[in-house]
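Chemist: Okay, here's what each chain looks like letter by letter:
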Amino acid sequence: MKPVPFTYVRAESVEQAVDTLRTHGGEAKLLAGGQSLLPALNMRLARPTVLVDLNRIPGLDRIAEENGGIGIGALVRQSAAERAQLIRASCPLLAESLPLVGHFATRNRGTIGGSIAHADAAAELPLALVALSGSVITTVRTIPAADFFVGHFTTALADDELVVATMWPRARPGESSALEEFAPRHGDFALASAACVLRVENGAVAEARLAVGSVTDRPELLDVEPLLGRAVDDDSVRSLGASAAAAVDPPPNLHGSPRYRRALLGSLVERAVRTAWARATETSP
Amino acid sequence: MTSVGVTVNGRKYREDVEPRLLLSDFLRHTLGLTGTHVGCEHGVCGACTIRLDGGAVRSCLLLAVQADGCTIETVEGLAANGELHPLQEAFREHHALQCGFCTSGILMAAADLLEREGTPTRDELVDMLSGHLCRCTGYESIVDAIAEVAGTS
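Protein sequences appear in the order of chains A and B. So that you can map any letter, position 178 of the first sequence is 178 in the working numbering, and since no number is skipped, the others follow by simple counting. Just add 285 to wherever you are in the second sequence, counting from 1, and you've got the working numbering.
Estimated spans, in silico, between C-beta atoms of each pair:
{"hint": "1", "chain 1": "B", "residue 1": "T315", "chain 2": "A", "residue 2": "D223", "range": "54 to 60 Å"}
{"hint": "2", "chain 1": "A", "residue 1": "L228", "chain 2": "B", "residue 2": "E378", "range": "57 to 63 Å"}
{"hint": "3", "chain 1": "A", "residue 1": "V150", "chain 2": "B", "residue 2": "R299", "range": "40 to 46 Å"}
{"hint": "4", "chain 1": "B", "residue 1": "D408", "chain 2": "A", "residue 2": "Q16", "range": "42 to 48 Å"}
If we take Cβ atoms under 8 Å as the criterion, some of the chain B residues that face chain A in the derived model are:
{"hint": "5", "residue": "P304"}
{"hint": "6", "residue": "G331"}
{"hint": "7", "residue": "C345"}
{"hint": "8", "residue": "V350"}
{"hint": "9", "residue": "S415"}
{"hint": "10", "residue": "G416"}
These are computed hints drawn from the structure, not numbers from a lab. Predicted model only: the values in this text are computed from it and were never measured. All residues carry an ideal CB built from backbone N, CA and C; glycine is no exception.
Kindly produce the complete structure, drawing on both the sequences and the hints.
Modeler: What follows is the structure, given as structure tokens:
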């Protein structure tokens, strides 16, 4: 299993990468961390004629506080983000997601921007970005996360557009979050996943967002109306879990039938909501 | 063909390679360093793990041309002056290998983890090892060996 021959272009700037994409149309493929692209090349599922290596472009590896959030350059390695104090302190949902992405050695190479642009329906970072209402900054525009992900491996990016950064809103006072997934082994693709963000005010849920992944072809926000304006309790959690399970229609895969994956999602939604609530109120779930 | 210059285990090499050549094949076939093993070629088994500028990475998920100018360490560079690396000693002590196919990748990942994290917990070690498939040992002895070197209780 070796890649087909291709022309290798080491881009020195974002402009050069965009120019190369324009010149070659759909035949060129961007290479960031390569932790998903290289397997696809090795298995010849991807057969680009031109590979544009982004790794040496300067300036895309910064993590910085910006208006209302944390801006993460597209080439920031997942392991660097994992160790960044700013992310741990300001964006706990992202910090919780990162150790679940692949493995120790793949995170040393895999990038935040690459994971977002690859848009695997089972990936943690797209799920977290949608749950947080973050956004994707490209060479031409800013796209809200919910509009960026179109389907499995499919995004709103044009053929000559690339991701330069992602914007992750900072957790506000009273806000807490949790991400739950189940995979047969750590680092495998999750069979179902759920991320919940709650803002609690005076003992009641003032705002809530619930995103689910793996069971849908992109991260989807589900209705959270039953949670609002009250404390989270067994009844509201169970009904939300049941309605989440009913709202999705996952395909079967090697590890689980649609029925199993729906039931799994229900449990993970319950767990994510309970954990987020427990973190907000600092009581045991 | 593209020219690639790398430093591997302290020795400089310059070779002309096809852009599609994987770093794992470059190390094994071009440089003859067969201590790095190739299992799945899609990043799952961990056998080909090496250190690139210090960080443990899958050499099957990198092109040789991407490593141009980089410093690489492979399992051949672990022992210094004829003395086994403490991780290698511990693996022998704890019977942490049988066939040895997965061992070089685990050693390189463990060396990076210990340098970076100091004393990881046993859970963190198990977590790291989820990226390395071993079909002989049942893992316990591998965890024991790394834990001993790390000072994990």
